[in-house]
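Colleague: In case you want the letters, here they are:
Number of protein chains: 2
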Amino acid sequence: MEASTITDSRPEPIDLSHLYSKVTSNRTTSNVKDFYKYFTIPGIGNLAGGLPNNNYFPFDTLEAAAALPQRFIPTPNKPVDPPSELLSKTTLSNGISSSRVVVPKTSDNQNVLRKIDLKTALQYGTAQGYPPLYSFLRQFTIENLHPNVPYAGGPEIILTCGATDGFCKAIDALSNTWNEDRDWIGHREGLLVEEFCYMNAIQAAKPRGLNIVPVAIDDEGMVAHGRGGLYDVLDNWDKSRGKRPHMIYTVTIGQNPTSGTLSVQRRKDIYAVCVKFDVVIIEDDPYWYLQYPSANESSLAHRGRPAANAHSDHPDLNPPESQKSSGYPFLDSLVPSYLSVDYQGRVVRLDTFSKTVAPGCRLGWITTQPNLCERLLRITETSTQQPSGFVQSMIAELIMGPHDPKHGRGGGKSDGGWQVEGWVRWLQGLRGNYERRMQTMCSILEGGKELVKSGRRKSIDIEWSVVEKVTLFDFIWPLGGMFVWVHVNFPSHPLWNKTTPAKLAQGLWVHLTSKKYLVLVAPGSIFAPTDEIRDKRSWAYFRICFAAVDEPEVEEMSRRFVNGVKDFWGKKSLDDIEEMGTRGLEASEGLADLIGGC
Amino acid sequence: MEASTITDSRPEPIDLSHLYSKVTSNRTTSNVKDFYKYFTIPGIGNLAGGLPNNNYFPFDTLEAAAALPQRFIPTPNKPVDPPSELLSKTTLSNGISSSRVVVPKTSDNQNVLRKIDLKTALQYGTAQGYPPLYSFLRQFTIENLHPNVPYAGGPEIILTCGATDGFCKAIDALSNTWNEDRDWIGHREGLLVEEFCYMNAIQAAKPRGLNIVPVAIDDEGMVAHGRGGLYDVLDNWDKSRGKRPHMIYTVTIGQNPTSGTLSVQRRKDIYAVCVKFDVVIIEDDPYWYLQYPSANESSLAHRGRPAANAHSDHPDLNPPESQKSSGYPFLDSLVPSYLSVDYQGRVVRLDTFSKTVAPGCRLGWITTQPNLCERLLRITETSTQQPSGFVQSMIAELIMGPHDPKHGRGGGKSDGGWQVEGWVRWLQGLRGNYERRMQTMCSILEGGKELVKSGRRKSIDIEWSVVEKVTLFDFIWPLGGMFVWVHVNFPSHPLWNKTTPAKLAQGLWVHLTSKKYLVLVAPGSIFAPTDEIRDKRSWAYFRICFAAVDEPEVEEMSRRFVNGVKDFWGKKSLDDIEEMGTRGLEASEGLADLIGGC
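Protein chains in written order, with full-length UniProt numbering: chain A, 1 to 598; chain B, 1 to 598.
Simulated from the structure, these hints should not be mistaken for lab results. Be aware that a few hints might be false.
Pairs involving identical chains hold if they fit within one copy or between any two copies, as the list cannot separate such chains.
Taking lysine-lysine pairs in the DSSO-like style, the calculated list, with each CA pair at most 30 Å apart, reads [to be verified]:
| # | residue 1 | residue 2 |
| --- | --- | --- |
| 1 | Lys22 | Lys239 |
| 2 | Lys119 | Lys516 |
| 3 | Lys206 | Lys243 |
| 4 | Lys515 | Lys119 |
| 5 | Lys566 | Lys268 |
| 6 | Lys276 | Lys105 |
| 7 | Lys22 | Lys243 |
| 8 | Lys515 | Lys469 |
| 9 | Lys469 | Lys572 |
| 10 | Lys206 | Lys22 |
In this text the structure is predicted, and so the values were computed from the model without any measurement.
With the rest of the complex left out, here is chain A (with noise of 0.2 Å):
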């Protein structure tokens, strides 16, 4: 950081302070520097802290069986990308597919930033995270995943226990509570999100008593200018609700529930309006390295128009020479994070391994500038602490592997770990997989997504034959992401205008859980971030996810999906449906809870 000050250009993060929560200001700021040199002293016996015994734990050693990166096949970064070289790569020569992981009870290494033993990981530890962990994930985080970020000395990170724990911190350190019974209404504060979004977020952000402002959102994501846009929130913002909101939380890349992917000019449209109107982003980007070029292609292919333009103006394979290279083709090929375009510092990023490597993790990191980030790390030492160490020494020595082969080994061949190109590789072959998956639904949505009804008319004397198209349903192909975001066309229904929207939309979520069909849909009511949006539009969305399921489910599960709905348009008897739409209402509040937290 001392270097970096002196030698960088770019110019400083701005002071956030003056968002910072009560709470976070009052928060001290820590004198461990002046102390550090006593624990240090050659010899010195500590009877100061309050540590148990680490010959105590009673676990010897931590071990796994684990995938070698090559796992899976990749899909190409783009889809004239001949990913040939990739193939060949995923078996090894002598065909193992798989390794062992030894995390051992000592390390001798005394660099304690490569040591990973259960000494250390299973002992109390440091908030921001376990050293090796730590320093491998700032450095592929600042090296690679973001190399562009225009403020000087860049940006700090701080470990969490996953992005809903991350998102949970980052309102505590930037948003205060507000009390309607108590508070004046104009110190309610407010949160930005997108129209229809993830809902936990909103769960833990609505009981603190902030403004939940939706944003209009078109294809790709959050919209900057034009009506309900960010601009004209902000700019005509009715004092008498609160505050301006001061934060947005977004997805940019597979939107949950959207699949929206957001372009770099979008990225910098919204940032302007936020730069104006002071606001933070907090980027939660779970999906970022799932990606879909091939989307693109196959709306193209089957409607003659990309699925949205989010790909058609970033760097990708070849970044403008004034980007640096994060030094792996796949990364470059990603639309970059809110912090390419960051020069003030105002973004706080989200990341996880809850779709890296597995949900249960409870790890992911924060990515923000330095002060703020010091903030994080006051709100986590009286908090969550540390992620767990068992998670955290896993992963470590997955990744960085043994750094003397006599005391554990890591994840990759001949007992190295993935390194940064394992764990690049890794991420290529998750991708070609969800990719693959993406295809195979979206491919039969597509085919399925209007009935055809063929038969005869006749008027008067005159008989001829008619083949009418009905538009049953439409959808984006995802550009990144877990998720279709199917738009049902109830009014093409014949009970239309015989019931409510509502119900008609809860009777076909129901139809598709029966016997027929059996499958399970999340309606767009629990994505709906307003009653509003609720009430007047959500019901004409179904949000189906095509990771879950075992691979050979995903086509016959989207089968049955379009079968239900093309059975359904054959409903003639309100009653059959009305009952249904009942039950679906019922139901439909307990899914958000349910699978509200993914």
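Chain A is fixed; fit chain B onto it per the hints.
Modeller: Frame of chain A; chain B shown alone:
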């Protein structure tokens, strides 16, 4: 629960909702049950949830080499108990002292409360905890740890990321933040604490704007009646400081830092005051199973009086007939939790695996009345979600063991899990280790607490020999925990009155870190919850931990401490001490941050 409300003659827990924070009251209840039936339709294809596919997790197994529960030698429950029976079990007849624990990728076990595998443990899960571990801990808590909770239905539990996380959630549930810049003083809430206490809790509570209100302690712990005791503080509460505090944070066994252990009678006295003033007790109990009956015997032998009376009035090995046994003499011998006197349901107990397994687990649980537990569940769903599946599955497999040997192995002999019996035996072994350390340290401190100077004195013409005894420091033999709380008799120092007490104390602290002694102890100042206590009284104390250093060092370090203090009494130069005192002052703030978490 339904069954117990019919036959349960115990009183219902009271409604605490008037004490919930506004944010916690705002949280909606979960409607999961209404919906759950759809998830369990046989053959249903779940396209609703946003889960990644579990075949894509890179971990195929999770394994460990783990201790058998017999690894360490217990001490007796009463000094008169013969430990021979347990001693004979410390090694198995076949000489095996460790076992392999294996969490497989998938288990065929159909019972979700018994199924332990990576497919479930590493997937999104329920916030109350991984079902097998949650159900084990719930049963252990209700039947073995606290078989005598006096309210109907008994308590509920929820897993946490350790006790610090548990405390953070408890105060989030039970207190509103207060902003001095804009809120009325009458809304300021407060937290009652012991007058020397665990600072991490203060650091979590204070930024919320809570009044931190110390209550007098004696050798046992918090005082109920008399000057500065709980009743006094609450009855004479000055409303100009804010609302009368409605929460206590307390460590009742081996209190940190004073090592006080609260008797059952004192618990009843404090509880009655809490009932009168409507106060909730947050009981943090990391050292519960580290109770040392031998401290009383040793104190009696050396000083003619027991350490304190905590062990004189509780059920001991023979609980009153009205009390249920835990089923284990060891557990019955321990002073029970506040939960045992909690007839209204106003106790929130924090447990942790930090001292029974390892701090790096970041795993614990909260035990409290079901309604409050439900609120904590809501908080958990939008913050940490669930503890890491890596640690939850490993601990579950270690204790509960495999239910089909084909799929994984537990941590006990013959591939069975430890089970409750093994877990209790493990706790006994740990108690044994720490109790022996306590004895080692305290015996040396006992022998070194006085300076015996023999010399000759002369007055006019007569010369005679004198033996002068100066008490350098004193302490209570700890009945539990990991610490000795040493009260240094600074007024007997030759330079007392030549400098400030704080400088003298800080001088001793630095002196102890010098080459000849090389021991680092925790100065009392870092356990002072208010500036007043820190400035006026804390300088007289050091907290010395016998738990952290390796076993052979306990004796050596204790000697170095004793010698260091003794030699300090030989200091004649004020310059020397003042210089050290200044250095000590700078360091002690950093120390508070560095060891604040333990």
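Colleague: Would you mind marking each hint as holding or not holding in the structure?
Modeller: A quick look at each hint next to the structure:
1. Lys22 / Lys239: both (21 Å within a copy, 23 Å between copies)
2. Lys119 / Lys516: between (56 Å within a copy, 28 Å between copies)
3. Lys206 / Lys243: The answer is both: 15 Å in one copy and 26 Å across copies each meet 30 Å.
4. Lys515 / Lys119: Classified as between; 27 Å across copies, 54 Å inside a copy.
5. Lys566 / Lys268: Neither: 42 Å inside a copy, 68 Å across copies.
6. Lys276 / Lys105: For Lys276 and Lys105, the Cα distance exceeds 30 Å both inside one copy (53 Å) and across copies (51 Å).
7. Lys22 / Lys243: Classified as both: same-chain Cα gap 16 Å, cross-chain 20 Å, threshold 30 Å.
8. Lys515 / Lys469: within (27 Å within a copy, 90 Å between copies)
9. Lys469 / Lys572: Only inside one copy: Lys469 and Lys572 sit 19 Å apart there, 103 Å across copies, limit 30 Å.
10. Lys206 / Lys22: So Lys206 and Lys22 pass the 30 Å test inside a copy (18 Å) and across (11 Å) alike.
Checked against the numbered hints given earlier, the structure breaks hints 5 and 6 and satisfies all the rest.
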